[in-house]
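Novice: Those sequence lines, one after another, are chains A and B.
The first sequence maps to residues 1 to 113 in our numbering.
The second sequence maps to residues 1001 to 1110 in our numbering.
Accuracy of the hints is not assured; some may be wrong.
[As the list claims (entries may be wrong)] In silico lysine-lysine, BS3-like type, Cα no more than 30 angstroms apart, as pairs:
(1) B:K1057 - B:K1070
(2) B:K1097 - A:K9
(3) B:K1059 - A:K57
(4) A:K57 - B:K1097
(5) B:K1057 - B:K1097
(6) B:K1097 - B:K1070
(7) B:K1070 - B:K1056
(8) B:K1070 - B:K1059
(9) B:K1056 - B:K1097
Rather than coming from a laboratory, the hints here were simulated on the basis of the structure.
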Amino acid sequence: DSGVTQTPKHLITATGQRVTLRCSPRSGDLSVYWYQQSLDQGLQFLIQYYNGEERAKGNILERFSAQQFPDLHSELNLSSLELGDSALYFCASSVAVLGDTQYFGPGTRLTVL
Amino acid sequence: TQLLEQSPQFLSIQEGENLTVYCNSSSVFSSLQWYRQEPGEGPVLLVTVVTGGEVKKLKRLTFQFGDARKDSSLHITAAQPGDTGLYLCAGVWNTDKLIFGTGTRLQVFP
């Protein structure tokens, strides 16, 4: 158990819909990262938040957005969903900066039908 | 675009054999990490290498960072079924991006 929790574990929805994925970091960690893992694209870094502020951005689509709240939990919002958005979405947390050890949550499996 | 290519993509071996996984890029990374991911779980960090030429050992696993900090290798001695999983290298680039490799799926048969 990494100490990072993600909900829900599975999500099935239809194209065009909007979903919210939630992540609670390990106690004491200030940074939260979001990743997308699909069979054809591998593990892709989406975005990092540090203590409530956006810190680094990766291959995140404009239809996707994220935020980190004062209690340090984070949410990833995916809108106008397409079939190709079906993937595993992982959240990870670390103490501070990008090079720190990242602890990954168990992931949310999103299926878009 | 920074890319990390891993080879081989798939590896299926018998228990007791040795293997090496390679992670290559044309970019210089400030550090490089290796993860193992098991089905249904998130990746777990195995090691971080920072200095060019650095070698780190973790029981039967040996990690090496290339002198130019563009490549890395993971060598497993006497593989065991418990080593089965997806091995991912990840490079920290320009201090604000983490690029994951394409992955090597290892299957060790008893």
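Novice: Taking 30 angstroms as the top limit, are the C-alpha atoms of K1057 (chain B) and K1097 (chain B) close enough?
Specialist: holds (26 angstroms)
Novice: Need the status of pair K1057 (chain B), K1070 (chain B): alpha-carbon distance at most 30 angstroms?
Specialist: holds (19 angstroms)
Novice: Is it true that the CA of K1070 (chain B) sits at most 30 angstroms from the CA of K1059 (chain B)?
Specialist: holds (25 angstroms)
Novice: Tell me if the straight-line CA distance from K1097 (chain B) to K1070 (chain B) falls inside 30 angstroms.
Specialist: holds (15 angstroms)
Novice: Could you grab the alpha-carbon distance between K1097 (chain B) and K9 (chain A) and see if it respects the 30 angstroms cut-off?
Specialist: holds (27 angstroms)
Novice: Going straight from one Cα to the other, do K57 (chain A) and K1097 (chain B) come out at no more than 30 angstroms?
Specialist: holds (8 angstroms)
Novice: With a cut-off of 30 angstroms on the C-alpha distance, tell me whether K1059 (chain B) and K57 (chain A) pass.
Specialist: violated (35 angstroms)
Novice: Would the hint linking K1056 (chain B) and K1097 (chain B) be met if the CA-CA limit is 30 angstroms?
Specialist: Given that 30 angstroms is the threshold and the Cα spacing comes to 23 angstroms, the pair holds.
Novice: Would the hint linking K1070 (chain B) and K1056 (chain B) be met if the CA-CA limit is 30 angstroms?
Specialist: holds (17 angstroms)
This entry does not satisfy hint 3, going by the numbered hints stated previously; all others are met.
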